[in-house]
Amino acid sequence: MKTSKTIDHIKKIRTVSDEVKAKRKEFNRIKKLILKALDPEPKSIPQLAKEIDLSIDVITFHLMTLRKYGDVETGELDDMDEYFSYKLKQKE
Amino acid sequence: MSDQTNNYDVLVVGGGIAGEETALNLANIGYKVIMVEKDLSLGGKMIHLSKVFPTLDCSACITTPKVSETARHPNIHIFTNSEVGEIEKISENNFNAVLTEKPRYVTEECTGCQLCEDACPVSVDDQFQYELVGRKAIYIPFSIANPRIAAIDIENCILCGLCEKVCPGDYIDFRQVEKKTPINVKSVVMATGYELFDPTIITRYGFGKFKNVVTAMQMERQLVPTRPYNSVLRPKDGKMPDNIAYVLCTGSRDDTVGNPICSQVCCMYSTKQAQLLMGALPMADVTIYYIHIRAFGKGFCEFYNQTQGMGVEFIKGKIGKIDEVDDGDLILRYEDIESGKVKEAKHDLVVLATGILANKDYQSMFKNIELEADPFNYVKQTNDLSSPARTSIGGVFVAGTASGPMDIPDSILSAGAASAETASYLRRANNEK
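Chain order of the listed sequences is A and B. Counting from 1 along the first sequence, just add 216 to a position and that's the residue number in my numbering. Counting from 1 along the second sequence, just add 29 to a position and that's the residue number in my numbering.
Heads up, simulated SDA-like pairs for lysine to any residue below, C-alpha to C-alpha not over 25 angstroms straight-line:
1) A:K227 - B:I183
2) A:K228 - B:K131
3) A:K241 - B:C189
4) B:K238 - A:I272
5) B:K61 - B:A452
6) A:K307 - B:N259
7) A:K266 - B:G237
8) A:K305 - B:A148
9) A:K247 - B:V261
10) B:K396 - B:P417
11) A:K221 - B:E130
Partial selection, computed: residues in chain B whose CB lies under 7 angstroms from chain A:
12) D202
13) Y258
14) N259
15) K265
These are computed hints drawn from the structure, not numbers from a lab. Keep in mind it's a predicted model, so treat the numbers as computed, not measured. Ideal Cβ positions, reconstructed from N, Cα and C, are used throughout, including at glycine.
Pulled out of the complex, with its shape left as it was, chain A reads as follows:
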C-alpha cells in the first residue's frame, strides 16, 4: 500500500545519466525554437527549416512529435499539394 510519494525512493538507488539529461535539454531547446517560429503564423516544414538552424529531418521529427503531444496542429495543404502548414494549437 502506498502511503507517500515514491520518487525519493528511486532517487536513492538510481542516477540519471548525462546523456539522458542532455537529450532532455536538446528536446526542450528544439521545442522552444519550433513553437517560437510558429507563433506569428502557420508554416510548412521547409519554411521552418529556413528560419531554424537545424537539419530539416530533425525539424520534421520534432514537429510531428509536438503534433502528437498536442502542441501543434495541422493547417492547410499548399497549392502544389506538397507541403502542409502547421500552427500552434490553441489550448483550452
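Fit chain B to the supplied structure of chain A, relying on the hints for placement.
This is chain B only, laid out in the frame that chain A set:
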C-alpha cells in the same frame, strides 16, 4: 485440471496472434493457461498493421477482439513485460520454469488517462511508431494497447517525479522491482513470433542515412488511423510523396545477409500497401521492384492482378544501389531483368520490403534440454508433414512464425494445430494415469 496458484496446464510463450489463438483454444476446453509476453501489450506485430491482404480487412478490428477475449478469459493468466527462462523438463507433463516480471513503475489500477504523459518533460524515439516520432518517458505503449496501463522507461526517466505528482489515482510506484516467480506446467507452446530484418545491414540501400528510405513497417504505421503524421509524408521534409518505390526481397532470398529463404509475406504486403497508397494519395505513382512475385495463397493472384489494373507498376528488377539527391529524392540503380540492362529511376520515397527472420529468444529459455533449431534458426518441426506443431522436446509445441515465415491465416491455422496437439498430449497423459 491444475488449480494451485503457480501450477498451470499450459505455458504459452508469446502474446501475438498465434499465442492468443492457442491460449484461447486451450482455455475454452478447460485448460488453465499462463501466457507470457515480453512486450508491454498483447497483440504482437499484427496489432500494428493497417489492413490485411488480400481482403483489406482492418487488422486491428480482427486482432483487438481476440486480444480482449484473451485478456478477459478466466482460464488465462497473462503476464506482460515479462520473460520466461530456465524451462526444465522434469518428466512428461512436468516442466518447471521461472517467470521474470519487469517493473512498469505503474500499478495495475492505472486508468490510462495519460495525464502523466502530458506532464513528462522527456521525449525519446517511439518504438511503437518505428522511430518516426517521439514518445514520453512515461507512456501508454499505443492507443489500443492491452493492458492499457502506462509504463515508465526508467533508462530515459530523469526522475523529476512530475508523473507521480499529477497522477490522480496515486498509481505511480517507483518502488517496484523485478519479480521472479517459479511456475510448474504440464506442457509448453512456443509462439515467440519473428524478428524483422535490419536494413542498415545492406548499406547500399542507404536506410538510416537517407531519411526518405523507410521500411515497410514504417509505411504500415503511416497507413493506420493512429499514424505518426497527419498524412502519408516523407520523414525527411514532410512532403507528400508522389512517386513511391518498393524494393522487394530486402533481406530475404539473399545469402549475402544470411537469409536465403523467402519471407512469404513481402510480395503481398507490398501489393496491399500499394493499393492503400493509391487510396491515400490518388495522384501518386507506385512502382514495385521485384525478383519474382509470389502470390500463392487464396485470392492472392487476383489481388495482384487487381493492383496492376489500378495502375501500380511492377518492374522485374534487382536494385543495386540507392543514392540521394539534393531535394531528398532518391535515384535507384537497378538491373532490369527483362531487358538485361542497368537502368536508373528517380523516386521521392523508397519503401524497403524487409523480410522476416527467426526470433532466436527461445534458444536461451531452456535449462536442462535443448529445443532444436532448423537450419534457419526457427524452432525445428520434427515432423512437419504429419505433426507440424511437434518439436524436439516432447510436450513442447510450436505455433505461428516461431516455426518459419507465414502469413496471418497460416499463423492462426498453425496455432490451431498446436492447440490440438497440446490438448491431445495433455489428454493422453490423463488417460494413461
